[in-house]
Amino acid sequence: MVYNYPEKESWRVYHMKLLLYASTTQPPWKKIQEYVKKRVSYKNLELYQTIEALKQRLCQPKEEMFVGFLLVSDREGLLDILSLRQLFLDIPTILIIPDKEKETIALAHRFRPNFLGFKDDEPEKISQVLEKMLG
Amino acid sequence: MAKALIVDDDRMVCQTISNVVESLNHQAESVRSLEECLQTVQSNEYDVIFLDVRMPDGSGIDFLPRICKDPSSPEVIIITGYGDPDGAELAIKNGAWDYVEKPLSLRSIKLPFLRALQYREEKKSAPQPVSLRKEGIVGESPKMETCFDMVAKAASNDANVLITGETGTGKELFAWAVHNNSSRAHKNFVVVDCTALPETLVESVLFGHSRGAFTGANKSREGLIKQSDGGTLFLDEVAELPLSMQKKFLRVLQERKFRPVGSNQEMKSDFRLVAATNQDIESLMKQGKFREDLLFRLRSLVIDLPPLRENKEDIKKIAVHYLNKLSDRFGMENKGVSPEFWRMLHQYDWPGNVRELIQALEHALASAQSEPTLHPQHLPEHIRIQVVRESVQKNKKDKKPYKKKEIQREELPQLKEVREKAVSETEKEYLKDLITLTGGNIQEAIRISGLSRSRLYTLLKKYNLSPSEGRK
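Protein chains in written order, with the numbering used here: chain A, 6 to 140; chain B, 794 to 1265.
Be careful, since some hints might not be right.
[To be verified] Have a look at the derived ranges for each label pair, beta carbon to beta carbon: (1) 96(A) - 1243(B): 56 to 62 Å; (2) 837(B) - 61(A): 57 to 63 Å; (3) 1159(B) - 108(A): 35 to 41 Å; (4) 1131(B) - 105(A): 49 to 55 Å.
Source of the hints: derived by calculation from the structure; they are not laboratory data.
No experiment lies behind these values; they were computed from the predicted model shown.
The beta carbon of each residue, even a glycine, is placed where N, CA and C say it ideally should be.
Put together the whole structure using the sequences plus the hints.
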């Protein structure tokens, strides 16, 4: 599903598009999501809320370069995302995970994200990384 | 008793080396051509082969990969009468054990021979690794085989590894392969993308921080170094690491101890380091942008990945692999590929390497949609334009031995300079056509060109051409 909301003049123009996956709108996920959306023009953003929709998109040819931003709310969701790892081979990705348990972190590293964050990280910090990756 | 084979058309050289080998109580045999060498190697096992570069029936360096592929996998020492550092590098990259120059002395033969035997003995007694998991990396060229050998070597120990190569050559996949083939495979492989980290965040992300260490640090956080304890820390684009961090990281590498930001307590982490860069890190070091002591620590083992333009023999294999994979992903039937499509893939230089090739294939499949065959028209426009431009420029260059900009200079170049350039360019193009036309057959090339064998080899060497290019 492509997120659709009005263009703002303050949005920066990036070289890459953002592929945002967020299966929950519960806080603090919502806070991070809103923070990201404020920084990227809707023209540069594709938002997916189910793993099936995300998979369907990744199984289509992509004409643009993407950065992935994956908000995973629980360990089951992390396993779902791991099952799509092969489809992310050429997509630099930020992965935000729900907790700091050793097992969760180990699973997250199997995805080999370019940046691994946690749900309670400062959105400002995550946003700095995202801006650098979007170029 | 070890067995050595000497491959040289010079009887005196064979005799000299045989004398040295036999004086060391080993057995020596000699042959006078590459063809004879191939037959002998197929029916006998040798420990060491002394191989002359310039043989009557071809180049020893071109022949090297065929010898290295023999099941007995002998160590090869290249011999040449010409001082040629590039040739030496090429020989080593193609799998030679060592490189010695004529005139040969007792010492120059004895030392590399004994070292090669020692290496071979140790290699035999070392536990054989289980077959290497290549993690989706495709390639069978000698250059890629050398890289796989380095992965196997890296996987069998804990030394720091530096992976170098242009963007898109697959540095991360190689790092992953090193980890997955090592004893640390069951632990974390932690990626640190140094290009993604703002300078202000690098330290806390790597080392972690304690609660209250800085504004916004409401909770303590474990850094990536700690998360890689027992596993592998992969520093991608390590040249982007700020100088201040390089100094701190050097200490971690030396002691495997670090202190999280704002903490008084030191922590330990037993990680294996793999770093990668697409930059000329040696030149950065000379400019003072990368610490020399850190570079020395990083490059205990170096895996230098070839750019795709230097590895064109693998293009078809890689393309077939990814066409199948992408067709599967997009739910498409496998498509046929026109000869012109393959030709264009071979003609393009691929500055973005394998990554660019994959993107071009993805584009081609998307453009072709339900059409059953891929044609050059399905490739991205910039690729088609580049190939056509180069082809036109080449034709133009063929017609003009000096460039127009030279005429516009205040002074014209000397006629001698222009003439030499014209002759060189014409000779090179002629030789390229000659080896293509003859399919690399030297006898035929001599007959057509009217050159003597030695003159032909001298010219091929001068223009860095090889008869094997005509056999592709």
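Q: Go ahead and decide if the range 35 to 41 Å is satisfied by the Cβ distance of residue 1159(B) to residue 108(A).
A: About 39 Å separates the Cβ atoms of residue 1159(B) and residue 108(A), which means 35 to 41 Å holds.
Q.
Assuming the hint says 56 to 62 Å, is it satisfied by the Cβ distance from residue 96(A) to residue 1243(B) or not?
A. 58 Å, holds
Q) Is the gap between the beta carbons of residue 1131(B) and residue 105(A) within 49 to 55 Å? A) Given about 54 Å between the Cβ atoms, the range holds.
Q. Is 57 to 63 Å a correct range for the gap between the Cβ atoms of residue 837(B) and residue 61(A)?
A. With Cβ atoms ~59 Å apart, the hint holds.
The structure agrees with every numbered hint stated previously.
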